[in-house]
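As given, the protein sequences belong to chains A and B, one line each in that order. Be aware that the first sequence starts at 0, since it is given in numbering that gives the first Met the number 0, and climbs by one per residue. Be aware that the second sequence starts at 0, since it is given in numbering that gives the first Met the number 0, and climbs by one per residue.
I should point out that these hints are in silico values taken from the structure, not numbers from a laboratory. Hints are not guaranteed to be accurate.
[What the hints assert, rightly or not] Under the rule of at most 16 angstroms between Cα atoms (straight-line distance), these lysine to aspartate or glutamate pairs were calculated in the EDC-like manner: (1) Lys161/A - Glu346/B; (2) Lys184/A - Glu147/A; (3) Lys357/B - Glu321/B; (4) Lys104/A - Glu307/B; (5) Lys156/A - Asp406/B; (6) Lys161/A - Glu149/A; (7) Lys192/B - Glu209/B; (8) Lys104/A - Glu298/B; (9) Lys46/A - Glu32/A; (10) Lys156/A - Glu192/A; (11) Lys437/B - Glu399/B; (12) Lys70/A - Glu210/A; (13) Lys342/B - Asp183/A; (14) Lys342/B - Glu382/B; (15) Lys70/A - Asp49/A; (16) Lys70/A - Glu207/A; (17) Lys70/A - Glu206/A; (18) Lys184/A - Glu141/A; (19) Lys104/A - Asp9/A; (20) Lys156/A - Glu307/B; (21) Lys161/A - Asp348/B; (22) Lys120/A - Asp61/A; (23) Lys124/B - Glu109/B; (24) Lys104/A - Glu299/B; (25) Lys192/B - Glu218/B; (26) Lys342/B - Glu192/A; (27) Lys437/B - Asp410/B.
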Amino acid sequence: MGIRVFIADDHPMTRAGLVATLEREEDLEIVGEASDGVEAWRVIREKTPDVALVDIRMPGEDGVSLVRRIKESGLPVVSLMLTSYDAQQYVMASLRAGAKGYILKTASPDELARAIRTVAKGGIYLDAEVSRVVGGQEIVPEALSNREREVLILTSKGLSSKETAGRLFISERTVQTHLASVYDKLGARNKTEAMLLALKYGVMTLEELLE
Amino acid sequence: MRRRLLAVLTLAILLPSVSVLLAAGVGIFQHQRAIQTVARTYVQDLAESTASRVELGWGLTESLFSSKPPSRFWGNRLFSGGVGIPGWIAVLDSQGKVVISTPGAQILAELWRPQMPIGQAVEAKNAAGEAFTVAVYPAGSTGLFVMAAVSWKELLGPMLHFGLLLPILVALVGLAGLVGVYALWRWVISPLKTLEAEVSSLEWGKDLPEPRDDVAVAEIGRLREEFFHLAQTAIDRATLWKRYALDLVRVQEDERASLARELHDGPLQDVTAMIQRARLAARDDGESTGKSTHLGLLEESAQSAVREIRALCDELSPPWLELGLVGSLTELAERLSRHLDVKILVEADSGVGDALPKESILALFRVAQEALHNSVRHGGAGEISVRLFRDGASLVLELEDFGVGFDVPEDLARLRVLGHRGLANMEERMALVGGILKVESTPGVGTRIRARVPAE
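Kindly produce the complete structure, drawing on both the sequences and the hints.
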């Protein structure tokens with residue numbers, strides 16, 4: 000049985016193009032479409048697709064909220080964010096809301112199909128273009144210490160250094176030191192990159208981020 | 000009721016002056032009459048008593064020395080040492096010839112008038128114009144006359160002086176009052192009226208009043224100088240605003256022109272190329288290799304157009320602003336640190352600024368954008384710290400760099416006119432959302448910018 004896919008996008012041309020692209024894939028089945036967030040939620044509850052392709056910007060309810068709603072409902076639906084924005088903060092917001100992947104609309108049909116298959120199997124998919132920003136070469140990062148992982152997870156959840164320090168009963172300075180070490184080991188230049196790279200390399204899981 | 004200063008002041012000075020003048024005039028008149036009465040009574044009494052003594056003495060002499068003229072003895076007894084009181088007495092015969100007199104009585108000859116009434120005091124003046132009161136009295140049946148005179152000056156000397164001085168003093172007081180009213184008019188009221196007329200007819204921000212008034216009192220002069228200064232400031236402001244508005248329009252036009260240029264040079268060229276490739280692909284229907292080449296190039300052009308339009312969108316109004324303040328600032332910092340190769344640290348407590356209105360988020364974002372660019376472009380900063388925190392009822396965005404710094408001008412708005420719009424824009428952005436911008440900078444040390452907005 001193929002992967003049951005739902006598409007939510009307010010642009011009819013884009014939707015038609017996506018449907019045409021995905022219908023070519025034998026293992027994918029389009030089970031529903033919606034042009035806004037409210038309708039999308041109705042269809043998702045009705046059809047319970049395996050993967051929901053969700054546009055970030057939609058009338059009614061935006062993609063990030065919709066993804067959060069799906070996550071909170073406990074439905075066995077995996078969300079994959081589909082957008083034309085390459086801003087890493089969108090990726091962060093999507094992942095924090097519970098999306099399993101992030102793909103740009105300019106991605107090739109093969110990439111899109113691969114992304115759907117990846118998330119359907121429980122993996123995380125980050126668009127190549129966003130990943131390129133994050134750092135192209137595949138490396139095996141140096142292992143993080145437990146403290147470094149804790150600091151990274153709390154920081155990735157959106158806590159400031161001060162808040163992280165308070166949570167872990169360490170000084171703000173120590174938090175900064177740990178973070179600098181994490182950046183160094185992952186090859187990241189900032190918090191966002193550190194989080195995305197940690198997810199990409201499996202240093203941190205999405206579940207840990209959403210806990 | 001509107002009180003008229005001139006009328007009040009004039010009356011306040013004139014009324015007392017006039018009443019003093021009137022009262023003094025009446026007093027002087029009364030005084031004059033009193034002197035006259037006193038002098039008359041005195042002279043009359045003097046003449047009368049002397050006459051009675053002359054009559055008595057004459058009778059005695061006549062009985063003793065038959066009809067001889069009065070002896071020296073008699074005369075000496077009568078007038079020895081002159082009279083004890085001021086005045087002169089003379090005994091005259093019916094021809095007016097002096098028979099005997101007190102010393103210095105030759106003055107009486109000067110005062111003698113043939114038609115002088117008998118038994119009644121009259122005022123007379125000597126050749127020098129001095130006032131005297133004179134009385135002629137018959138000495139009984141002797142056929143002699145007693146003439147008595149008193150000098151006003153001698154009788155009432157000090158009182159007379161005072162009586163003459165008083166009108167002069169009063170006149171002086173009155174004159175001083177008039178001079179006071181004139182001075183008040185010329186130095187205070189007239190300048191005030193002129194100033195008032197100028198103020199009420201002045202077109203603020205356009206006209207200038209006279210800068211100085213050298214006639215008016217110093218206080219009014221200063222008032223006018225202040226007024227001139229205010230009017231000058233208003234004109235400066237108006238000029239500044241005009242240039243300001245012109246500058247805003249110019250900036251808008253420049254931005255439109257630049258946007259049009261970018262659209263023309265970028266996406267428009269790409270889409271044109273796409274059309275060409277689509278046509279070529281359609282024409283090369285039979286040739287599969289040519290067709291796929293054209294389609295490949297078409298996709299390439301389309302990808303390029305997407306990238307360019309996305310960049311343009313980010314520049315115009317980043318869509319990621321909807322992610323909230325922290326998300327937007329983080330994205331901005333990360334992009335800039337990549338493009339400009341600088342270290343930008345963003346520190347924000349979780350949830351801070353989530354409840355902020357959209358306008359405030361946008362304003363803070365633009366302030367951060369401008370400040371970060373300035374730090375790198377003008378300050379040459381290699382590391383910038385961005386902090387976002389709550390401070391009481393405010394939310395504070397603080398940007399600190401360790402760049403070259405600069406001398407902060409007092410009036411950021413003036414910078415706009417000089418062509419440096421960045422800081423002026425930041426300040427305006429803040430003002431529009433009820434916030435405050437504070438710029439601190441020390442050359443050689445760095446710059447700190449604090450943007451504070453109400454958080455509730």
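The hints, checked one at a time:
At most 16 angstroms may separate the alpha-carbon atoms for a hinted pair to count; Lys161/A and Glu346/B meet this at roughly 9 angstroms. The straight-line distance between the Cα atoms of Lys184/A and Glu147/A is roughly 10 angstroms, inside the 16 angstroms bound, and the hint therefore holds. A threshold of 16 angstroms between alpha carbons decides the hint, and for Lys357/B with Glu321/B the separation of about 8 angstroms falls inside it, so the pair holds. Distance restraint check for Lys104/A and Glu307/B: the Cα-Cα separation of roughly 15 angstroms lies within the 16 angstroms cut-off, and the hinted pair is therefore satisfied.
Taking the CA atoms of Lys156/A and Asp406/B, the gap is about 40 angstroms. The hint is violated against a cut of 16 angstroms. Annotation: proposed proximity of Lys161/A to Glu149/A holds, straight-line Cα distance about 14 angstroms (limit 16 angstroms). As the CA atoms of Lys192/B and Glu209/B are separated by approximately 14 angstroms, the hinted pair is consistent with the 16 angstroms bound. The suggested pairing of Lys104/A with Glu298/B holds, with an alpha-carbon distance near 13 angstroms, which does not exceed 16 angstroms.
About 10 angstroms separates the Cα atoms of Lys46/A and Glu32/A, which keeps this hinted pair within 16 angstroms; it holds. Restraint check: the Cα-Cα separation between Lys156/A and Glu192/A comes to about 13 angstroms, which is no more than 16 angstroms; the hinted pair holds. Between Lys437/B and Glu399/B the CA atoms are separated by roughly 12 angstroms; this keeps the pair inside 16 angstroms, and the hint holds. Between Lys70/A and Glu210/A the alpha-carbon distance is near 12 angstroms, which keeps this suggested pair within the 16 angstroms criterion.
For the suggested pair Lys342/B and Asp183/A, the alpha carbons sit about 14 angstroms apart, so the restraint of at most 16 angstroms is met. At roughly 5 angstroms between alpha-carbon atoms, Lys342/B and Glu382/B fall within 16 angstroms of each other, so this suggested pair holds. Between Lys70/A and Asp49/A the alpha-carbon distance is near 13 angstroms, which keeps this suggested pair within the 16 angstroms criterion. A threshold of 16 angstroms between alpha carbons decides the hint, and for Lys70/A with Glu207/A the separation of about 15 angstroms falls inside it, so the pair holds.
Taking the CA atoms of Lys70/A and Glu206/A, the gap is about 12 angstroms. The hint holds against a cut of 16 angstroms. For the given pair, Lys184/A sits about 6 angstroms from Glu141/A by alpha-carbon distance, which is consistent with the 16 angstroms threshold. Restraint check: the Cα-Cα separation between Lys104/A and Asp9/A comes to about 13 angstroms, which is no more than 16 angstroms; the hinted pair holds. Of the supplied pair hints, the one linking Lys156/A and Glu307/B is violated, its CA atoms being roughly 32 angstroms apart against a limit of 16 angstroms.
About 7 angstroms separates the Cα atoms of Lys161/A and Asp348/B, which keeps this hinted pair within 16 angstroms; it holds. With a CA separation close to 25 angstroms, the supplied pair Lys120/A and Asp61/A exceeds the 16 angstroms bound. Between Lys124/B and Glu109/B, the direct Cα distance comes to roughly 9 angstroms. Compliance with the 16 angstroms bound is thereby established for this hinted pair. For the hint pairing Lys104/A with Glu299/B, the CA-to-CA distance comes to about 14 angstroms; that is within 16 angstroms, so the pair holds.
Using a Cα cut-off of 16 angstroms, the hinted pair Lys192/B and Glu218/B holds, with the two alpha carbons roughly 14 angstroms apart. Restraint check: the Cα-Cα separation between Lys342/B and Glu192/A comes to about 14 angstroms, which is no more than 16 angstroms; the hinted pair holds. Distance restraint check for Lys437/B and Asp410/B: the Cα-Cα separation of roughly 12 angstroms lies within the 16 angstroms cut-off, and the hinted pair is therefore satisfied.
Hints 5, 20, 22 from the list above are not met by this structure, while the remaining hints are.
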